[in-house]
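J.: Using this note's numbering, you'd call the opening residue of the sequence shown number 1 and step up by one each time.
Just so you know, these hints were derived from the structure itself, not from any lab. One should not assume that every hint holds.
Estimated spans, in silico, between C-beta atoms of each pair [claimed, not checked]:
| no. | residue 1 | residue 2 | range |
| --- | --- | --- | --- |
| 1 | Glu61 | Gly88 | 32 to 38 Å |
| 2 | Pro66 | Ala137 | 37 to 43 Å |
| 3 | Arg94 | Ala148 | 27 to 33 Å |
| 4 | Gln232 | Asp171 | 42 to 48 Å |
| 5 | Leu67 | Arg168 | 34 to 40 Å |
Yeah, the Cβ is synthetic: ideal placement off N, Cα and C, and Gly gets one too.
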Amino acid sequence: MSAPHPQGEAPDMAPIEVTYYTDPLCAWSWAFEPQWRRLRYEFGSQVRWRYRMGGLIPSWEGFTDPLNDVSRPIQLGPLWVQVHHTSGMPLDDRLWFADPPASSYPACLAVKAAGLQSPWAAELYLRRTREAVMTEARNIARRDVLEALADEVAGASPGVLDPERLRRDLDGEEARAAFRDDLMEARYRRIERFPALTVRRGERGVVLIGYRPYPALLDALLRVAPDVPRRQVTDAQAYAAYWGSVLPAELAEALKGQATPPQPAC
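Start from the sequences, fold in the hints, and give me the full structure.
T.: Laid out in structure tokens, this is it:
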């Protein structure tokens, strides 16, 4: 099975364009990974996508999330428990008691720095930062953690990400300018919740705000491109091989609709 189509390397004529506004520290974006991966697998090169970092938490000073009743780090622990029970995705809420991140900006900046190397480097680095903070309780606001994650990505996928260049780019203006551009774009679009997606084909477009089940995501895509071919997920092992690794909740989402899904060796 071929590797997933690197973001930014899909054919220029890909009919569907998706802009995904997110943040490495956003638990609902982590919960959305099963749907997001399934969409990209089913539609493959028909979809061209890019990430915009939303800057979820500039700092805790003055931060408030009235929707989830959060204004202090410790209040995110119960929210993460809720996200886990809603989505089935693993989350380690001990982070918010032991070593709470002071901001999501450093991780957003690191993802943009990875993106200076290639869109696929940003994809792999974003996924690794999510895994680290959500499932390993690692503080991704810390520079040493972000650098260690770059080393881990480089070790797992040789030739995709240069960790030494990422270290340099974390202090450079190009990555900062890219992150500022993302923040400005999110404000311009009035996007204040994540995950958020804009799905476009030509002049037709749909905006999705917040965590959604797969049928809502599929409906949005088919509304702008009803004639685009779609492949079904029929083989658990092939799906796992496509992504390199998958979590149980991601596999369960991908195999929905099968009468007796096969058990993968992953």
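J.: Now, for every hint given, state plainly whether the structure supports it.
T.: Taking the hints in turn, this is what the structure says about them:
no., hint, verdict
1, Glu61 to Gly88: 32 to 38 Å, "holds, 34 Å"
2, Pro66 to Ala137: 37 to 43 Å, "violated, 26 Å"
3, Arg94 to Ala148: 27 to 33 Å, "violated, 19 Å"
4, Gln232 to Asp171: 42 to 48 Å, "holds, 46 Å"
5, Leu67 to Arg168: 34 to 40 Å, "holds, 38 Å"
When held up to the earlier numbered hints, the structure conflicts with 2 and 3 and fits the remainder.
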